[in-house]
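Asks: Just so we're aligned, residue 1 is where the sequence shown starts under the numbering used here, counting upward by one.
Incorrect hints may appear among the rest.
FRET-style restraints, in silico, Cβ to Cβ [unchecked claim]: (1) Pro119 - Gly68: 37 to 47 Å; (2) Thr196 - Gly68: 22 to 32 Å; (3) Pro25 - Gln200: 13 to 23 Å; (4) Thr196 - Val69: 19 to 29 Å; (5) Pro66 - Arg204: 12 to 22 Å; (6) Arg177 - Ala101: 19 to 29 Å; (7) Glu31 - Arg204: 23 to 33 Å.
These are computed hints drawn from the structure, not numbers from a lab. Note that CB positions come from ideal geometry on N, CA and C, so glycine has one too.
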Amino acid sequence: MESSRWPTTRDALLREQERLGALKPPPWRPEGNWVAGACFACYPRGREGAGRAGERCWAAAVLCAPEGVQRVAVTGVAAAPYEPGLLALREGPILEAAVRALPRLPDVLLVDATGRDHPRRAGLALHLGAVLGVPTVGITDRPLVASGQPPEDRRGACSPLYVQGELVGYWVRTRPRVRPVCVHAGWRTDPDTAVTVVLQLVGRFRTPEPLRLAREAARAARAASR
Numbered sequence: 001m002e003s004s005r006w007p008t009t010r011d012a013l014l015r016e017q018e019r020l021g022a023l024k025p026p027p028w029r030p031e032g033n034w035v036a037g038a039c040f041a042c043y044p045r046g047r048e049g050a051g052r053a054g055e056r057c058w059a060a061a062v063l064c065a066p067e068g069v070q071r072v073a074v075t076g077v078a079a080a081p082y083e084p085g086l087l088a089l090r091e092g093p094i095l096e097a098a099v100r101a102l103p104r105l106p107d108v109l110l111v112d113a114t115g116r117d118h119p120r121r122a123g124l125a126l127h128l129g130a131v132l133g134v135p136t137v138g139i140t141d142r143p144l145v146a147s148g149q150p151p152e153d154r155r156g157a158c159s160p161l162y163v164q165g166e167l168v169g170y171w172v173r174t175r176p177r178v179r180p181v182c183v184h185a186g187w188r189t190d191p192d193t194a195v196t197v198v199l200q201l202v203g204r205f206r207t208p209e210p211l212r213l214a215r216e217a218a219r220a221a222r223a224a225s226r
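Kindly generate the complete structure, drawing on both the sequences and the hints.
Replies: This is the structure we're talking about:
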């Protein structure tokens, strides 16, 4: 585990991202019987703007084990306003709390955030994996700073995403005739490993099943708190 603490200021986070982005931890490969998990955070419905510090937050984590799906949810407040590239300030601590509330850590964790697709190569998906000591894969609807053309319209089609010539992820078509998702290399995963993980976890829906279930659990916790 790299750290159990999250930076609390913008400058401190920038320094930590520079440090994490320069690390080269041993790669993880999806071999044998690995267990996936996911986490997701949501905020009050109908709010205005991109998000402010102090607003309520519901975070959920799931563990998709052979014996069944385990779900947990925690409630807290956003530690910072939303700012692209600095999502760890806002969501890092509560997502860590949700994942640590699971009965065990997964072998690989899907995160609704970028990884190497980041100005300092250390988005929240990578940062959270370093804190937890768990390999991670990021899944988003669009790139943060990377660029690349969408793939052809068939399930499993991929096209590369680059930042300054470095391959950091892929567009992946998880279902035909549906917009692709961005799949990001995270902590201890490279872009190809990230794609392998995601395609093994996609079911009937566009979003990989663990992340879809985590999103549902977070939104259910929000609805239950009314």
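Asks: Please flag the earlier hints that this structure goes against, numbers listed from lowest up.
Replies: Per hint list: single violation, 6.
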